[in-house]
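Enquirer: So the chains spell out like this:
There are 2 protein chains.
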Amino acid sequence: MNDEDVLTGHQQELRRGTVVMAALATLRTPGYGYGLLSVLEKSGMSVDANTLYPLLRRLEKQELLAAEWDTSDSRPRKMYRTSEEGLKLLAALEAEWNSLAASLSALRSAHPHEPLKELS
Amino acid sequence: MNDEDVLTGHQQELRRGTVVMAALATLRTPGYGYGLLSVLEKSGMSVDANTLYPLLRRLEKQELLAAEWDTSDSRPRKMYRTSEEGLKLLAALEAEWNSLAASLSALRSAHPHEPLKELS
Chain A
1 MNDEDVLTGH
11 QQELRRGTVV
21 MAALATLRTP
31 GYGYGLLSVL
41 EKSGMSVDAN
51 TLYPLLRRLE
61 KQELLAAEWD
71 TSDSRPRKMY
81 RTSEEGLKLL
91 AALEAEWNSL
101 AASLSALRSA
111 HPHEPLKELS
Chain B
1001 MNDEDVLTGH
1011 QQELRRGTVV
1021 MAALATLRTP
1031 GYGYGLLSVL
1041 EKSGMSVDAN
1051 TLYPLLRRLE
1061 KQELLAAEWD
1071 TSDSRPRKMY
1081 RTSEEGLKLL
1091 AALEAEWNSL
1101 AASLSALRSA
1111 HPHEPLKELS
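Residue numbers (the numbering used here), protein chains in the order written: chain A, 1 to 120; chain B, 1001 to 1120.
Hints are supplied without guarantee of correctness; some may be wrong.
Okay, the calculated beta carbon distance ranges per label pair [claimed, not checked]:
#1 B:Trp1069 - A:Ser99: 16 to 26 Å
#2 B:Lys1088 - A:Ala101: 32 to 42 Å
#3 B:Glu1063 - A:Lys78: 38 to 48 Å
#4 B:Ala1092 - A:Thr51: 13 to 23 Å
#5 B:Arg1057 - A:Asn50: 27 to 37 Å
#6 A:Lys61 - B:Pro1112: 53 to 63 Å
#7 B:Glu1041 - A:Pro76: 26 to 36 Å
#8 A:Asp70 - B:Gly1044: 42 to 52 Å
#9 A:Tyr34 - B:Pro1076: 33 to 43 Å
#10 A:Asn98 - B:Trp1069: 19 to 29 Å
Simulated from the structure, these hints should not be mistaken for laboratory data. A quick note: this is a predicted structure, and the numbers were derived from the prediction, not measured. No residue lacks a Cβ here, since even glycine has one placed at the ideal position from N, Cα and C.
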């Protein structure tokens, strides 16, 4: 594994948990999967369609998103919106995020960079 | 899966990526795995030993942490410190974290809560 792969792996791990927050926050305004994809892209949080669509189905199954079929067009499309349960989860995840941010910031200032001392 | 499990699952996913940042930031000051465990606990980011120790070995293998055996005690202990590569990754992950925070905040304000309109 080269350095680039290591970086990418850790970045993806960091990003993974935030996609759920982004989807729940964005779909407080009802929208389609395709629209969400482009909204995330524009916001700088680009997510692959092959990651996003299964995630939306998972969140729907967990009743965090409500879905309705929009049949007004020739091709029926699923419209999602964040459910009441989803809003609660979003609030909980935002609280967790803020707590993690505070912990990281405290750890950073309490543990400055210090070269390893020679062990006796 | 009940609501509690759903919440826990999503919280863990959110937390997972941040443990690497916390370890790299904290071990800028050299320390033992056990010490890191209690530092994380005190900072509000408690991590299971069965998660942390394999992570430390993975980070060492990726040369993000440097390790030395401290044999001054009767029981040899491994002392870790964040390597130059690890410092670079930490900076990259912190930049990613800040970018995700900005995106989430922008998505949140651009997409207010709005009940689903009746589809025609």
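Enquirer: Indicate, hint by hint, whether the structure satisfies it.
Expert: Verification of the supplied hints:
| no. | hint | result |
| --- | --- | --- |
| 1 | B:Trp1069 - A:Ser99: 16 to 26 Å | violated, 35 Å |
| 2 | B:Lys1088 - A:Ala101: 32 to 42 Å | violated, 21 Å |
| 3 | B:Glu1063 - A:Lys78: 38 to 48 Å | holds, 45 Å |
| 4 | B:Ala1092 - A:Thr51: 13 to 23 Å | holds, 21 Å |
| 5 | B:Arg1057 - A:Asn50: 27 to 37 Å | holds, 31 Å |
| 6 | A:Lys61 - B:Pro1112: 53 to 63 Å | violated, 26 Å |
| 7 | B:Glu1041 - A:Pro76: 26 to 36 Å | violated, 51 Å |
| 8 | A:Asp70 - B:Gly1044: 42 to 52 Å | holds, 43 Å |
| 9 | A:Tyr34 - B:Pro1076: 33 to 43 Å | violated, 57 Å |
| 10 | A:Asn98 - B:Trp1069: 19 to 29 Å | violated, 39 Å |
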